[in-house]
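Protein chains: 2
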Amino acid sequence: MQRSPLAPSTMPQPVPVAGVRYAVLEAGLRYRGRPDLLLIAFDDGTTVGGVFTRSTTAGHPVLWCRRILTGGSARAVIVNAGNANVFRGREGDEAVAKEARAVAGALGCAPESVFVASTGVIGQRLPVDEICARVPDLVAGLASEGLSEAASAIMTTDTFAKWAVAKATIDGREVTIAGIAKGSGMVAPDMATMLAFLVTDANLAAPVVQSLVASGADRSFNAITVDGDTSTSDSVLLFATGRAAHPAIDDPADSRLDAFRAALDDVMTELALMVVRDGEGASKLVTIRVSGAVDDGSARRIGLAIGNSPLVKTAIAGEDANWGRIIMAIGKAREPIENDALAISFGGHTVARDGGAVPDLDEEPVAAHLRGSEISIDVRVGRGSGDATVWTCDLTHGYIDINADYRS
Amino acid sequence: MQRSPLAPSTMPQPVPVAGVRYAVLEAGLRYRGRPDLLLIAFDDGTTVGGVFTRSTTAGHPVLWCRRILTGGSARAVIVNAGNANVFRGREGDEAVAKEARAVAGALGCAPESVFVASTGVIGQRLPVDEICARVPDLVAGLASEGLSEAASAIMTTDTFAKWAVAKATIDGREVTIAGIAKGSGMVAPDMATMLAFLVTDANLAAPVVQSLVASGADRSFNAITVDGDTSTSDSVLLFATGRAAHPAIDDPADSRLDAFRAALDDVMTELALMVVRDGEGASKLVTIRVSGAVDDGSARRIGLAIGNSPLVKTAIAGEDANWGRIIMAIGKAREPIENDALAISFGGHTVARDGGAVPDLDEEPVAAHLRGSEISIDVRVGRGSGDATVWTCDLTHGYIDINADYRS
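Residue numbers (the numbering used here), protein chains in the order written: chain A, 1 to 408; chain B, 1 to 408.
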């Protein structure tokens with residue numbers, strides 16, 4: 001698979017995070033000649049928070065993670081690519097428990113502190129014994145370096161590995177954040193990415209971790225869309241090892257978290273945007289800003305209606321400033337708007353305002369903007385002060401090529 | 001534009017409907033060398049009912065029709081193709097009123113009995129004076145033949161003209177039903193087709209007409225989807241001239257309407273299916289039957305989640321029995337289901353049941369079914385007795401070709 005034309009030209013230098021170790025290997029579950037199995041191990045005392053797909057056909061790993069998340073502590077997460085372990089009934093649940101027991105046995109911890117994620121084809125039997133047989137090798141290979149290899153091991157139709165890092169301070173002490181993600185198909189709220197794992201050495205009580213990951217996901221992974229479809233396996237997990245030197249934080253509203261929260265949100269947004277940049281067949285990254293809605297939620301729903309519209313996305317692919325389709329998509333959202341105050345801009349060039357086309361518009365600057373690979377659409381709906389930003393990509397022949405022949 | 005491969009091989013013989021006359025002509029609004037303006041005139045005493053897009057950016061003709069529909073009577077409908085007259089502020093409203101006044105003047109009726117519809121590009125000024133100048137020619141050309149020409153005149157990206165006819169009896173007397181529709185892009189509930197006009201000589205009070213068109217649309221135009229987008233202009237109108245010999249019916253629950261309602265529903269479903277068969281780029285017609293839902297509404301929402309899923313639609317285009325994507329789409333609908341009772345069939349061949357894949361499945365009959373042009377997907381969700389049928393088409397390169405370069 002050719003690397004997405006929207007892939008970042010440079011990637012950040014991976015940094016180790018105290019208390020976090022990685023190992024990958026080739027299990028040959030579906031792919032050949034590349035790692036497809038990942039183990040991340042955490043020091044004792046690691047707290048965890050997570051958000052998951054709201055699908056009613058959620059995969060067996062998601063069901064397991066939701067259940068053990070109530071414990072609030074984690075020692076490992078094991079992830080395979082190529083088989084999603086979804087829709088396998090009791091056998092699927094048992095496979096997850098078996099994986100967790102195998103890892104727990106090798107690490108000397110409780111199975112309920114081992115998180116599990118799977119991505120790939122739905123409905124096929126997970127070769128769980130083959131996976132469990134490789135757990136000792138994984139554990140033997142654990143090392144504090146390996147963020148980019150971890151990012152590579154969880155890819156499916158992704159064309160580039162996605163990771164991000166950041167530093168922040170809590171109460172004057174430096175903490176590190178690192179994260180990996182995979183996306184590509186079935187990317188839409190909620191959740192927007194299939195899998196993302198974030199790690200930090202911050203010392204945070206589990207409810208703090210949960211609060212941070214949930215609010216961060218809303219502004220990042222839940223604000224992107226590739227095709228409006230929603231995976232059965234979407235999971236975002238944040239692990240905090242507590243190895244940093246600052247005092248423990250146990251209140252999500254503690255103001256000492258402000259810089260950390262901002263840095264974490266940046267990492268999550270960066271990963272989410274990489275997912276859009278790797279949207280199947282994407283040739284353009286589209287940033288949709290909606291303002292003037294009755295509230296932020298309404299603005300987000302309008303933005304997603306635009307970002308999910310096949311007619312808007314094909315127009316962008318065709319570099320056509322067809323703002324009529326944006327009017328259509330706004331209307332389809334059925335949110336409160338003021339038609340006579342609607343305004344639409346491409347790349348800062350207003351094409352419609354006060355409920356009508358801009359007269360005698362010079363179309364050349366708009367056309368020039370649309371020929372680029374990063375498109376911005378600003379929409380004002382004239383009803384209030386709610387705003388939101390949503391990211392999507394265009395809809396091209398590449399999407400059809402990839403998805404009309406993925407399984408077979 | 002090449003005729004859709006799914007177009008019907010034969011079309012019914014158009015029949016006249018007492019009290020209905022048609023005229024078309026080339027106004028040159030957008031298309032050249034084909035009629036793009038249609039007038040249908042009705043005898044005095046004609047009643048009307050209609051349903052419209054629920055978009056908040058509904059076109060100016062829709063706003064006009066909604067308002068005058070309360071009067072319940074109609075003398076004409078004027079329709080143009082090529083310009084949707086949407087998002088033009090006061091100018092757009094005035095254009096519609098001007099059209100209605102022009103037709104009313106020529107026919108000698110009230111403007112409030114003249115319905116108006118427009119389809120085409122959004123946001124451009126409707127050349128209303130050019131249209132009004134042609135109204136005398138239209139009126140002069142009115143004739144009781146002309147159903148198929150009427151169907152042709154309202155096409156935009158449609159590749160074939162869509163009409164249907166039926167006979168039924170009310171209280172022992174024969175009545176006739178005829179209808180035309182156009183669709184193609186932006187086809188999704190609600191409404192599913194951009195424009196449909198149905199005429200009958202039945203003698204029905206306006207509330208009866210409204211009840212019949214609303215319930216019929218729910219089972220037809222609102223049960224089809226091409227791309228999940230919703231037009232600003234969708235309108236379905238039913239006109240009843242009252243020229244048939246049966247006694248007037250003024251109660252929608254009157255059992256003498258049963259045969260008529262069934263025939264009308266058939267005509268609407270036939271037209272709706274033609275719209276799907278002409279879905280942009282469609283190469284396969286997909287019938288999705290959902291049973292076992294908690295109620296019919298839930299079944300319909302599950303069916304539409306499947307029918308709107310780009311991943312399902314591309315799999316069908318690729319002739320891939322990727323039922324995992326159907327599991328995904330079911331989950332995305334967030335309707336009550338019983339995972340362990342889920343079953344999925346293609347063309348009657350069960351591929352998944354009791355919450356898992358069918359073991360040792362013979363894939364050849366499934367593959368043979370998927371190579372055909374009419375695909376059926378049956379889904380049982382194991383929670384109740386609600387069922388629904390939804391129609392869609394596959395998602396192909398043709399859709400991208402058409403929509404990445406429509407306006408320019």
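Errors might be hidden in some of the hints.
To be verified - Derived SDA-like pairs (lysine to any residue); straight-line CA-CA distance at most 25 Å:
id	chain 1	residue 1	chain 2	residue 2
1	A	Lys167	A	Pro12
2	A	Lys98	B	Pro207
3	B	Lys167	B	Arg101
4	B	Lys167	B	Thr157
5	A	Lys167	A	Thr157
6	A	Lys98	B	Ala205
7	B	Lys98	B	Thr56
8	A	Lys98	A	Pro111
9	A	Lys167	A	Asp258
10	A	Lys98	B	Gly355
11	B	Lys167	B	Pro207
12	B	Lys98	A	Asp258
13	B	Lys98	B	Lys167
14	B	Lys167	B	Ser144
15	A	Lys98	B	Pro247
16	A	Lys98	A	Arg134
17	B	Lys167	B	Ala205
18	B	Lys167	B	Thr56
19	A	Lys167	A	Asp266
20	A	Lys98	B	Ser144
21	B	Lys98	A	Asp340
22	A	Lys98	A	Ile68
23	A	Lys98	A	Val139
24	B	Lys98	B	Pro127
25	B	Lys98	A	Val358
26	A	Lys98	B	Gly356
27	A	Lys98	B	Pro359
28	B	Lys167	B	Ala140
29	B	Lys98	A	Gly356
30	A	Lys167	A	Lys98
31	B	Lys98	B	Cys109
32	A	Lys167	A	Asp401
33	B	Lys98	A	Pro14
34	B	Lys98	A	Ala357
Said to hold, decoys possible - Per the computed footprint, the stretches of chain B lying under chain A, defined by three or more beta-carbons under 8 Å from a beta-carbon of chain A, are:
id	region
35	53-67
36	254-261
37	311-318
Claimed, not checked - Over 12 Å on every C-beta distance to chain A, these chain B residues come out as not near it, computed from the model:
id	residue
38	Gly28
39	Asn339
40	Asp387
Worth flagging that the hints you see were computed from the coordinates, not collected in a lab. Glycine included, each C-beta is placed from N, C-alpha and C at the ideal position.
Verification of the hints:
Of the pairs offered as hints, the one joining Lys167/A and Pro12/A holds, with about 12 Å between alpha carbons and a cut-off of 25 Å not exceeded. Note on Lys98/A and Pro207/B: the hinted pairing is violated, with a Cα-Cα distance of about 64 Å set against a maximum of 25 Å. Between Lys167/B and Arg101/B the alpha-carbon distance is near 34 Å, which puts this suggested pair outside the 25 Å criterion. Distance restraint check for Lys167/B and Thr157/B: the Cα-Cα separation of roughly 30 Å exceeds the 25 Å cut-off, and the hinted pair is therefore not satisfied.
Of the supplied pair hints, the one linking Lys167/A and Thr157/A is violated, its CA atoms being roughly 30 Å apart against a limit of 25 Å. Taking the CA atoms of Lys98/A and Ala205/B, the gap is near 68 Å; set against the 25 Å cutoff, the hint is violated. With a CA separation close to 23 Å, the supplied pair Lys98/B and Thr56/B stays within the 25 Å bound. As the CA atoms of Lys98/A and Pro111/A are separated by approximately 9 Å, the hinted pair is consistent with the 25 Å bound.
Among the hinted pairs, Lys167/A with Asp258/A is consistent with the structure: their alpha-carbon atoms are about 13 Å apart, no more than 25 Å. Taking the CA atoms of Lys98/A and Gly355/B, the gap is about 20 Å. The hint holds against a cut of 25 Å. Between Lys167/B and Pro207/B the alpha-carbon distance is near 22 Å, which keeps this suggested pair within the 25 Å criterion. A threshold of 25 Å between alpha carbons decides the hint, and for Lys98/B with Asp258/A the separation of about 60 Å lies outside it, so the pair is violated.
As the CA atoms of Lys98/B and Lys167/B are separated by approximately 36 Å, the hinted pair breaks the 25 Å bound. Under the criterion of a C-alpha separation no larger than 25 Å, the hint pairing Lys167/B with Ser144/B is consistent with the structure, at around 17 Å. For the hint linking Lys98/A to Pro247/B, the alpha-carbon distance of about 74 Å lies beyond 25 Å, and the restraint is violated. Pair hint Lys98/A plus Arg134/A holds up; C-alpha atoms about 13 Å apart against a cutoff of 25 Å.
Between the alpha carbons of Lys167/B and Ala205/B the distance comes to roughly 19 Å, so the proposed pair stays at or under 25 Å and holds. Of the supplied pair hints, the one linking Lys167/B and Thr56/B is violated, its CA atoms being roughly 37 Å apart against a limit of 25 Å. Distance restraint check for Lys167/A and Asp266/A: the Cα-Cα separation of roughly 11 Å lies within the 25 Å cut-off, and the hinted pair is therefore satisfied. Taking the CA atoms of Lys98/A and Ser144/B, the gap is about 75 Å. The hint is violated against a cut of 25 Å.
A threshold of 25 Å between alpha carbons decides the hint, and for Lys98/B with Asp340/A the separation of about 21 Å falls inside it, so the pair holds. Annotation: proposed proximity of Lys98/A to Ile68/A holds, straight-line Cα distance about 14 Å (limit 25 Å). Among the hinted pairs, Lys98/A with Val139/A is consistent with the structure: their alpha-carbon atoms are about 16 Å apart, no more than 25 Å. At most 25 Å may separate the alpha-carbon atoms for a hinted pair to count; Lys98/B and Pro127/B meet this at roughly 11 Å.
Restraint check: the Cα-Cα separation between Lys98/B and Val358/A comes to about 23 Å, which is no more than 25 Å; the hinted pair holds. A C-alpha spacing of about 19 Å is found between Lys98/A and Gly356/B, which places the hinted pair at or below 25 Å, so the restraint holds. Simply put, Lys98/A and Pro359/B have alpha-carbon atoms about 22 Å apart, close enough for the 25 Å limit, and the pair holds. Distance check on the hinted pair: Lys167/B and Ala140/B sit about 29 Å apart at the alpha-carbon level, beyond 25 Å; violated.
Straight-line distance between C-alpha atoms of Lys98/B and Gly356/A comes to about 19 Å, which keeps the hinted pair within the 25 Å bound. Simply put, Lys167/A and Lys98/A have alpha-carbon atoms about 36 Å apart, too far for the 25 Å limit, and the pair is violated. For the hint pairing Lys98/B with Cys109/B, the CA-to-CA distance comes to about 14 Å; that is within 25 Å, so the pair holds. About 40 Å separates the Cα atoms of Lys167/A and Asp401/A, which puts this hinted pair outside 25 Å; it is violated.
For the proposed pair Lys98/B and Pro14/A, the alpha carbon gap of about 67 Å is over 25 Å, so the pair is violated. Distance restraint check for Lys98/B and Ala357/A: the Cα-Cα separation of roughly 21 Å lies within the 25 Å cut-off, and the hinted pair is therefore satisfied. Evaluation of the coverage hint for the region 53-67 of chain B: fulfilled, as 6 residues show C-beta separations to chain A shorter than 8 Å, against a requirement of three. Coverage of the region 254-261 of chain B by chain A is violated. Counting CB-CB distances below 8 Å, 0 residues qualify, and the rule asks for three or more.
Coverage of the region 311-318 of chain B by chain A holds in this model, with 5 residues showing a Cβ closer than 8 Å to a Cβ of that chain against a need of three. For Gly28/B, the non-interface assignment is confirmed: its Cβ lies about 21 Å from the closest Cβ of chain A, beyond the 12 Å cut-off. Not every C-beta of chain A lies more than 12 Å from that of Asn339/B, the closest at about 6 Å, which undercuts listing it as non-interface. With 12 Å as the threshold on Cβ separation, the claim that Asp387/B sits away from chain A holds: the shortest Cβ distance comes to roughly 18 Å.
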